[in-house]
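Novice: Plus 49 on top of the position in the sequence shown (first one is 1) and you've got our numbering.
Just to be clear, a hint being listed does not mean it is correct.
[Unchecked claim] Computed list of lysine-lysine pairs in DSS-like fashion (alpha-carbon distance at most 27 Å, straight line):
hint : residue 1 : residue 2
1    : K216      : K233
2    : K375      : K299
3    : K214      : K100
4    : K375      : K100
5    : K214      : K233
6    : K233      : K386
7    : K299      : K233
8    : K273      : K78
9    : K216      : K273
10   : K214      : K299
11   : K394      : K233
12   : K380      : K299
13   : K299      : K273
14   : K78       : K214
15   : K380      : K78
16   : K394      : K375
17   : K108      : K154
18   : K154      : K214
19   : K386      : K375
20   : K78       : K108
21   : K375      : K273
22   : K394      : K380
23   : K216      : K78
24   : K78       : K100
25   : K299      : K216
[To be verified] Here are the computed distance ranges between Cβ atoms for each label pair:
hint : residue 1 : residue 2 : range
26   : K394      : W175      : 48 to 58 Å
27   : T392      : G56       : 48 to 58 Å
28   : P89       : K394      : 40 to 50 Å
29   : G56       : D354      : 45 to 55 Å
30   : D318      : R122      : 41 to 51 Å
31   : D318      : A101      : 56 to 66 Å
32   : P89       : D187      : 33 to 43 Å
Bear in mind the hints are in silico, worked out from the structure with no lab data behind them. Even for Gly, the Cβ is constructed at its ideal location relative to N, Cα and C.
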Amino acid sequence: MIEITEGNLLEAPVGALVNTVNTVGVMGKGIALQFKQAYPQMFRVYQQACKAGEVQLGKMQVFDLGGLAGGPRWIINFPTKAHWRTASRLVDIETGLQDLIATVKQLNIQAIALPPLGCGHGGLNWSQVRPLIESAFDTLPDVRVLLFGPGPAPTPETMPNRTDKPKMTIGQAALIGLMDRYLKGLLDPFISLLEIHKLLYFLQAAGQPLRLQYEAREFGPYAKNLRQVLIRMESHYTQGYGDGNDAPAKNIELLPGAVEEAEAFLQEDATTRQRMERVTDLIEGYEDPYGLELLSSVHWVMAHDPEARLSATVAAQGVQAWNTRKRRTLKTEPLGKVWQRLTDKGWIADREF
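Using the sequences and the hints, build the whole thing.
Specialist: Here it is in C-alpha cells:
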C-alpha cells in the first residue's frame with residue numbers, strides 16, 4: 050500500500066528508510082547529507098564500501114541499525130547516480146527498484162519510506178519516477194510504503210544530527226566571532242549565507258590563512274569549499290545550513306555557547322582578533338546583503354584589475370560588467386563611495402584572492 054506524504058523522511062515510523070546515494074562515497078547535499086548527519090556510522094560504512102567498489106548502480110547497500118529505541122531497523126542506500134556531479138538516469142532507477150523489491154522481500158520489511166528517487170539534485174522528472182515506484186511496489190501490496198514527493202527540506206532544527214562535535218579551530222572561531230559582532234548591529238538573530246561568504250572573504254583578504262577558494266559568482270565572491278566548514282559546524286556551533294543547499298538568502302544562527310567558546314579560543318590570538326577588528330571596521334554601515342555585496346564586488350575587481358585600483362570609474366565599470374543583475378542593482382555612485390572607502394582604509398589589493 051503506497052501513501053504519498055511529505056515532511057521529514059528521517060522521522061517516518063517505518064522499519065526501513067531509503068537514502069539516495071552515488072557510488073563514489075559522497076553525501077554532500079539534500080537527503081543524503083541529512084542521512085550522513087543523522088547516521089554517521091552508516092556513512093562511514095557506506096564510504097568504505099564505495100572505496101572497495103561494492104556500491105554499484107542497480108544494487109542496494111543495506112545498513113543494519115539494530116532497531117534500537119524504536120527507530121528504523123534498516124537504512125537502504127539506493128544508488129541513483131554514478132557520480133555526484135552527474136545526472137540520474139531512469140534506467141538506473143528501474144533496475145534499482147528491482148533490487149529494492151528483492152531486498153524488501155529478503156529482509157521481510159513491512160513498512161518503508163522512500164524519497165523521490167533521482168529527482169532534486171538528480172534532475173529526473175517526478176512525473177516519470179513516481180509511476181515506476183508505484184509499479185514496482187504493486188507486487189508487494191502488504192508492505193506499507195510512505196512515498197515522499199519533491200518538496201522543501203525540513204527545517205534545520207528538525208534534522209537530527211548525531212555527528213561528533215568538531216574541535217574548535219581558528220577559522221571556526223573567527224567565523225563565530227565575526228557573526229556575533231555582525232549580529233549585534235542587527236535586530237534579526239540570523240545572518241544570511243551570502244553575508245557569511247562576504248565576511249570570510251574580507252577576513253581572508255585581511256591576511257587570515259583560511260584556504261577558502263573564492264571565485265566570482267552572481268552575488269560576488271563565493272567560496273565553494275566553505276560549505277564543508279558549515280556542514281561540520283551545523284548543530285554544534287551554528288544552525289540553519291541544514292541539507293547543504295547554498296541558497297544565498299538561507300538564514301544561519303549561532304547556537305548557545307558558541308560565542309563564549311570561540312572567544313576563549315581566540316583570547317591569546319591577537320593577530321586574528323586584529324584582522325577581525327579590521328573587517329568589522331570596514332563593513333560598518335554596510336551590514337546587510339546589499340552592502341556586503343557592494344563592498345566585496347568592488348574589492349574583487351580591484352584585486353584582479355590593477356587599473357581599477359587607481360580609478361573608481363574603472364572599478365564601477367568592472368562590477369557592472371560582472372552580470373546583468375549587478376548592472377541593474379549596483380549603481381555608479383554607491384560603487385564609487387565603496388571604492389573610496391576601500392582606498393581610504395587601505396584595502397587596495399596588491400594580489401588576487
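Novice: Give a verdict on every hint.
Specialist: Hint check:
no.	hint	result
1	K216 - K233	25 Å, holds
2	K375 - K299	20 Å, holds
3	K214 - K100	25 Å, holds
4	K375 - K100	44 Å, violated
5	K214 - K233	26 Å, holds
6	K233 - K386	25 Å, holds
7	K299 - K233	19 Å, holds
8	K273 - K78	13 Å, holds
9	K216 - K273	22 Å, holds
10	K214 - K299	22 Å, holds
11	K394 - K233	23 Å, holds
12	K380 - K299	25 Å, holds
13	K299 - K273	15 Å, holds
14	K78 - K214	20 Å, holds
15	K380 - K78	35 Å, violated
16	K394 - K375	24 Å, holds
17	K108 - K154	14 Å, holds
18	K154 - K214	38 Å, violated
19	K386 - K375	16 Å, holds
20	K78 - K108	21 Å, holds
21	K375 - K273	21 Å, holds
22	K394 - K380	22 Å, holds
23	K216 - K78	23 Å, holds
24	K78 - K100	20 Å, holds
25	K299 - K216	25 Å, holds
26	K394 - W175: 48 to 58 Å	51 Å, holds
27	T392 - G56: 48 to 58 Å	52 Å, holds
28	P89 - K394: 40 to 50 Å	44 Å, holds
29	G56 - D354: 45 to 55 Å	49 Å, holds
30	D318 - R122: 41 to 51 Å	48 Å, holds
31	D318 - A101: 56 to 66 Å	42 Å, violated
32	P89 - D187: 33 to 43 Å	35 Å, holds
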